[in-house]
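A.B. asks: Chains as they are written, first to last, in our numbering: chain E, 1 to 77; chain U, 1 to 485.
What the hints contain is simulated information worked out from the structure, not anything from laboratory work. A few of these clues could be false.
Below, computed lysine to any residue pairings styled on SDA-like, alpha-carbon distance capped at 20 Å [claimed, not checked]:
no.	chain 1	residue 1	chain 2	residue 2
1	U	Lys-35	U	Ala-372
2	U	Lys-239	E	Trp-21
3	U	Lys-239	E	Asn-36
4	U	Lys-269	E	Gly-57
5	U	Lys-425	E	Gly-65
6	U	Lys-269	E	Glu-64
7	U	Lys-425	E	Thr-2
8	U	Lys-239	E	Ile-17
9	U	Lys-425	E	Glu-64
10	U	Lys-425	U	Phe-482
11	U	Lys-273	E	Phe-51
12	U	Lys-269	E	Gln-62
13	U	Lys-239	E	Leu-3
14	U	Lys-273	E	Trp-21
15	U	Lys-273	E	Leu-3
16	U	Lys-269	E	Arg-58
17	U	Lys-110	U	Pro-364
18	U	Lys-110	E	Phe-51
19	U	Lys-239	E	Phe-43
20	U	Lys-269	U	Gly-46
21	E	Lys-6	U	Val-474
22	U	Lys-239	E	Val-46
23	U	Lys-267	E	Glu-64
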Amino acid sequence: MTLLIKLFISILILIVITVPWFYTAEANPGDEGLPNWFIYSLFMTVVFSLFVSFAIGRFWDQLEGENIMDSDSDKKA
Amino acid sequence: MEKGIFILDSTGIVVVIVYLILLIIIGLAGRFARKENSLDDFYLGGRNLGIIVLLLTLYATQYSGNTLFGFSGSAYRNGFWFLLSVTFMMAVIAGYLLFAPRLFYLSRQKRYLTTSDFIQDRYKFRPLSILVSLIGIVALCNFILSNLKAIGLFVESGSANISMAQGVITFAFIVVLYETLGGMRSVAWTDVLQGIVLFIGCLFIFGVIIFQLDGLHILSVNLREVRPEFWNPPTFDQKMSWLSSILIVGFGISLYPQAIQRIYAAKSKSVLKRSLQVMVFLPIVTTLFMLIVGWVGAVKIPNLGKEESDTITVQMLNFIITEVPQLQVLLVVFVAAVFAAIMSTVDSSLLSISSSITKDIYAPLRPHSSQAELTLFGKLLSWMLMAAMTVLALITQDTIWRLIEIKLELLIQIAPAILLGIHTKRVCAGPVFAGLIVGTAITLLYVIAIKLGSDIPVRPFGIHAGLWGLIVNVAIIGLGSFIKK
Numbered sequence: 001m002t003l004l005i006k007l008f009i010s011i012l013i014l015i016v017i018t019v020p021w022f023y024t025a026e027a028n029p030g031d032e033g034l035p036n037w038f039i040y041s042l043f044m045t046v047v048f049s050l051f052v053s054f055a056i057g058r059f060w061d062q063l064e065g066e067n068i069m070d071s072d073s074d075k076k077a
Numbered sequence: 001m002e003k004g005i006f007i008l009d010s011t012g013i014v015v016v017i018v019y020l021i022l023l024i025i026i027g028l029a030g031r032f033a034r035k036e037n038s039l040d041d042f043y044l045g046g047r048n049l050g051i052i053v054l055l056l057t058l059y060a061t062q063y064s065g066n067t068l069f070g071f072s073g074s075a076y077r078n079g080f081w082f083l084l085s086v087t088f089m090m091a092v093i094a095g096y097l098l099f100a101p102r103l104f105y106l107s108r109q110k111r112y113l114t115t116s117d118f119i120q121d122r123y124k125f126r127p128l129s130i131l132v133s134l135i136g137i138v139a140l141c142n143f144i145l146s147n148l149k150a151i152g153l154f155v156e157s158g159s160a161n162i163s164m165a166q167g168v169i170t171f172a173f174i175v176v177l178y179e180t181l182g183g184m185r186s187v188a189w190t191d192v193l194q195g196i197v198l199f200i201g202c203l204f205i206f207g208v209i210i211f212q213l214d215g216l217h218i219l220s221v222n223l224r225e226v227r228p229e230f231w232n233p234p235t236f237d238q239k240m241s242w243l244s245s246i247l248i249v250g251f252g253i254s255l256y257p258q259a260i261q262r263i264y265a266a267k268s269k270s271v272l273k274r275s276l277q278v279m280v281f282l283p284i285v286t287t288l289f290m291l292i293v294g295w296v297g298a299v300k301i302p303n304l305g306k307e308e309s310d311t312i313t314v315q316m317l318n319f320i321i322t323e324v325p326q327l328q329v330l331l332v333v334f335v336a337a338v339f340a341a342i343m344s345t346v347d348s349s350l351l352s353i354s355s356s357i358t359k360d361i362y363a364p365l366r367p368h369s370s371q372a373e374l375t376l377f378g379k380l381l382s383w384m385l386m387a388a389m390t391v392l393a394l395i396t397q398d399t400i401w402r403l404i405e406i407k408l409e410l411l412i413q414i415a416p417a418i419l420l421g422i423h424t425k426r427v428c429a430g431p432v433f434a435g436l437i438v439g440t441a442i443t444l445l446y447v448i449a450i451k452l453g454s455d456i457p458v459r460p461f462g463i464h465a466g467l468w469g470l471i472v473n474v475a476i477i478g479l480g481s482f483i484k485k
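With the rest of the complex left out, here is chain E (with noise of 0.2 Å):
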């Protein structure tokens, strides 16, 4: 799998992970503060700000290479 396979994909599970899919409307949102949901999403949301900063720091020269989703073997011929 490529860089930009595995980089695509990391960041579409983060994505995923930001909507509170586990919180249900049975759920107790508790007496006071904000819902729990909602301090769920904001604290992935952030994590999800890391690792974008970090990947655009770390991985920026290799994304710029010359077709970096075709296999060797697509790129001699």
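Given the structure of chain E, go ahead and fit chain U onto it with the hints provided.
C.D. replies: Then chain U, alone, in the frame of chain E:
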């Protein structure tokens, strides 16, 4: 609500006039800094934007009147669920990561000016590159429309006797004036001022709401009494819509033609990298702050209708002045921020449309035109486009948020052509063209059906029509490329 005090009183109007004069002076400075009368210099500022200018022009362009009005209005109506807007503004930067490194590299080798330059270079198929241009132009016209509408609403609801039409016409005129003076250089330089003002404005309104109105108490206690439904976790359909919105808006915004032109205009790779690394955190201090305005507004100014709720930011400012009159002068900062956000987005979009029509459509028809003639054509075009957009902004009825969604659903259809085109040789023009046509047609037909009052759900299974279109688009490319192989 008592409407005795307005943020656009005589002091506010004087500040706005000074601000507009400053923009024209900066526009003139951009004109005098011109190095040559060429498309490259006019539309990309000579590909020489440094870290401060690039960061602030990206920031001012990405955050618009939609952020200040559409987002707070949607937060007012939808509650905490609209936190998704913070995530999708971050997803924009993730979108860049998937294509900007390679595209920036190629743009330096091949001197791309527009998105379609890359498409034409990669696929060598003129109908495809023209179609990509047209989709970008339609999306950007929509963007200008929603922002002009926002400025009109702001002026009308924030002043005692200025009409929406007067506001829209005045600001449209100023924008097109400084844009045609110095092109990208003027736009980027005015964006520096506008980006700073926007940032300070958001910090300011957040500070006033939290410290002056005890916003944290309102959010955690009062809001629950007024709008208890905000505490309910989203339903499954809302969660699907949450995910769909992040994908559509996040990746759609990263494909804005004006955003791609800023990638081309960066001075160097490291300047672009560092700008994006900072940009990813800015939704926390911009988008989230504006959502808080909407949520606190739901307590302070309840029971607004759908159209009225898009003016919640202005109504909150009027409310703050009424409650704490000594803040009136300081709130002028936010007035300037509103104009900054809207004008910086409109100028960038206008510049991008002008470059697309001039370079992608007009220039191939007039192959012997000089660079100076093409630049002049682009400038005249900007004036005509802005006149048309001004008229449309005064007659369109959609809410601001709906206008944003429609353009992004169209724009995201070009994502496969760019992403796959950049990263693999396996896809070729035919399937990409077919996928783009079918994906766009599905999206458009769906939007038109909804407009005509059809009973079909606005988002089937919570997913935007644009995302369904994209799925079909990618499937056609995959199948077509497999068969061709």
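A.B. asks: Now, for every hint given, state plainly whether the structure supports it.
C.D. replies: We went through each hint and held it up to the structure:
1. Lys-35/U to Ala-372/U: Holds - the C-alpha atoms of Ala-372/U and Lys-35/U are around 13 Å apart, at most 20 Å.
2. Lys-239/U to Trp-21/E: holds (7 Å)
3. Lys-239/U to Asn-36/E: Roughly 15 Å separates the two Cα atoms, so the pair holds.
4. Lys-269/U to Gly-57/E: holds (11 Å)
5. Lys-425/U to Gly-65/E: It holds: about 13 Å lies between the C-alpha atoms, which stays within 20 Å.
6. Lys-269/U to Glu-64/E: holds (10 Å)
7. Lys-425/U to Thr-2/E: holds (15 Å)
8. Lys-239/U to Ile-17/E: Since the Cα atoms of Lys-239/U and Ile-17/E sit roughly 11 Å apart, the hinted pair holds (cutoff 20 Å).
9. Lys-425/U to Glu-64/E: holds (15 Å)
10. Lys-425/U to Phe-482/U: Measuring from Cα to Cα gives roughly 12 Å; hence the hint holds.
11. Lys-273/U to Phe-51/E: holds (14 Å)
12. Lys-269/U to Gln-62/E: holds (13 Å)
13. Lys-239/U to Leu-3/E: Answer violated: Lys-239/U to Leu-3/E is near 29 Å, above 20 Å.
14. Lys-273/U to Trp-21/E: violated (33 Å)
15. Lys-273/U to Leu-3/E: holds (18 Å)
16. Lys-269/U to Arg-58/E: Holds - the C-alpha atoms of Arg-58/E and Lys-269/U are around 13 Å apart, at most 20 Å.
17. Lys-110/U to Pro-364/U: holds (17 Å)
18. Lys-110/U to Phe-51/E: violated (31 Å)
19. Lys-239/U to Phe-43/E: holds (17 Å)
20. Lys-269/U to Gly-46/U: holds (15 Å)
21. Lys-6/E to Val-474/U: Holds, at roughly 19 Å.
22. Lys-239/U to Val-46/E: Status holds; Cα separation ~19 Å.
23. Lys-267/U to Glu-64/E: holds (16 Å)
Violated hints for the displayed structure, listed by number in ascending order: 13, 14 and 18.
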